[in-house]
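So the protein lines, in turn, are chains A and B. Numbered per our numbering, the first sequence spans residues 1 to 185. Numbered per our numbering, the second sequence spans residues 1 to 267.
By construction, these hints were calculated from the structure, which means they are not laboratory data. No experiment lies behind these values; they were computed from the predicted model shown. For every residue, glycine included, the Cβ atom is placed at its ideal position computed from N, Cα and C. Don't take each hint at face value.
[Stated by the list, open to error] No farther apart than 30 Å at their CA atoms in a straight line, the calculated lysine-lysine pairs in the DSS-like style are these:
# : chain 1 : residue 1 : chain 2 : residue 2
1 : A       : K75       : B       : K72
2 : B       : K142      : A       : K3
3 : A       : K75       : B       : K238
4 : A       : K75       : B       : K61
[To be verified] Label pairs and their computed distance ranges (CB to CB):
# : chain 1 : residue 1 : chain 2 : residue 2 : range
5 : A       : V127      : B       : I170      : 29 to 37 Å
6 : A       : C130      : B       : S247      : 34 to 42 Å
7 : B       : M66       : A       : K111      : 51 to 59 Å
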Amino acid sequence: MSKTYRITAVAMMVAIMAIFAQIAIPIPISPVPLTLQTAGLIIAMVIFNWRESSLAMLVYILLGSVGVPVFSAGKAGLAVLAGPTGGYLYGFIAAALIGSSLLAHVRANTKHRLFKAYICVAFALAVMFCCGMLHFCLIMHVGLKEAFMLTILPYLPLDILKIAAFTPLAWKVKQSLHKQYPKIF
Amino acid sequence: MIGDKILIGKFYPSNSYLHRLDARAKVMATFLYMIALFIINDWLAYALFSVIFVVFILLAKVPLSMIWQGLKPVLVFVLITVVLNFFLISGDVIWSWGVLHITTQGLSQGFAMGLRLFLLVGFATLLTLTCSPLELTDAIEKLLSPFARIGLPANEIAMMMSIALRFIPILFEETNRIMLAQKARGATFSQGGVLHRARQLLPVIVPLFVAAFRRAEELAEAMEARCYHGGVGRTKWKLAVWKTQDSLYLCGFLALFALSILWRVWG
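In isolation and in its complexed conformation, chain B is listed as follows:
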């Protein structure tokens, strides 16, 4: 059921080196790794990035089956990437059949792009396996706070995320209840054309929205009665502490990023 697994998300609790790092460092490092993947264009560099990925799987001490679960949905896309690049890139032809040609350039490009997609998704999976949703929410709030000056309210966003998280199971139950009630009145949700089905949904969606915004109103009043006045200056129950190893970790990825740029320019 949606309510049971929603708080844990994709997180795998453990006490590995990666789990102990600050979520902010991990988010920034993941972005650096992902951008660097688009900068490199050399097989040796791809090999280096693959080795880093494998090392971090070992450091994270998460079961391989969980990484595999994250990667499974993109495998078909990896295959499409490889095949499309095989046939679409011109160069020295090594095999041809009718209008289809495979070139040596296409072959190497196809595998490289497939590997890139694989590493991209794999490394991103590692982030959500080693940070809990709450840690990541705090990290996003901290990382977005400089953007408050251009009108992006970081603390409001974090508050909205927590409220949404809390209300998903409640509204889910409410949706089920409304759907059952309409079924009892003779609604059919799995018959007829798309337009008919959409019309059948109207008596579900309207009460759901009215109920949701009534809850929003009540919650806002309750918060204001307890003197909530926006997020600025609010203190936290759990404080994330930035340690030396977080700085080292981030520096490592900055170095990797710089190396990728140099590799691309002079490689």
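Same shape as in the complex, but just chain A:
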């Protein structure tokens, strides 16, 4: 991948993240609509290496914090990053970094590759939730236990569903990109 192509490809990934954050699908069981932000994160982890995926997330967050409405529901600004839920956003960078490095060891056409991918993605997202929770503790001045009850426990079933739904999807995206651009992906 040439340097210029790397720049443009990562930029497109950022643009797709921005669009995914705006697409909300209502879910009957939850008051919070399902945005495709997590799908974007998982796809970035699967198709890029650690350097590019974490760079994509960093650029996405910077773009949002300079005031471009790219965060979920058209939110923007440094205020979102400094606010109580900002930890999840910079958790994206950590998750992308760790997820991509782990997924690099899951080769195509090996046994149980999708199962291994699930484990890698779940671990990466757990790192993101930890960032979110610790940030929540710091900003809201509450203990770890309360933060866990408020920010993680209610959403856990939905998050497991997201991992189950989006990991195979990301794998399919990688396969079709590989077919189109065999030299790069």
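Chain A is fixed; fit chain B onto it per the hints.
Chain B in isolation, oriented as in the chain A frame:
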């Protein structure tokens, strides 16, 4: 629509004192203010920081409704912070009901933490109201450039931000077109369980990615044909000039930061 408001972002154009300052000074000052908020632990200090916030709202000459828009989403969190701190901090009990106790320490801590969150988000809102996204992007590029030595390419990041900004409306339109095309072929995006819906998205996401990376390839070729070879040494159309008032502004916030540390140590 996403394309219309994307370039302006949350920016409120004006010619106030704060708007005229260099974006780099404002970014650094905002970070100093936000970190200092976590250092102080005294009511007098919180009062001082609140006064500074109000003064800067007046200096920025932005309508209060715009600040309010930025603060509205966190109000519920401010409330949670206040209530949780009321009940969770032990000390001299002034009111109790069953297992719930409110203490004097909890009361003061709760209000202080609520105020801290309010000021944190409020001051950050002020930054994006007084700097345009392009000014802030330039400022980030300049501020990140020392990190190039440890492998963080500041100018590449700024270039990626500009490209992403340019392509969000285009790819958004493309997404809508693909979704309509799949709907015409009988796809349903608002029925069935989560797994079913995710499967319905596959025929949208795959063409979107293929199209996006085709555009990336074309753009990279076009850039290289015009001799783009990385960002080092590129010149700018609009130059940000660092003036004396920017230095003064930054010094003011450095002094505030130092004062907060001294206040915490000896206060």
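Going down the list of hints, with the structure as the test:
1. A hinted pair counts as satisfied when its Cα atoms are at most 30 Å apart, and K75 (chain A) with K72 (chain B) qualifies at roughly 12 Å.
2. Between the alpha carbons of K142 (chain B) and K3 (chain A) the distance comes to roughly 21 Å, so the proposed pair stays at or under 30 Å and holds.
3. Taking the CA atoms of K75 (chain A) and K238 (chain B), the gap is near 28 Å; set against the 30 Å cutoff, the hint holds.
4. Of the pairs offered as hints, the one joining K75 (chain A) and K61 (chain B) holds, with about 22 Å between alpha carbons and a cut-off of 30 Å not exceeded.
5. A hinted range of 29 to 37 Å holds for the C-beta pair V127 (chain A) and I170 (chain B), which are about 33 Å apart.
6. Between C130 (chain A) and S247 (chain B) the beta carbon distance is about 40 Å. The supplied range of 34 to 42 Å therefore holds.
7. Taking 51 to 59 Å as the suggested C-beta distance range, the pair M66 (chain B) and K111 (chain A) conforms, at roughly 57 Å.
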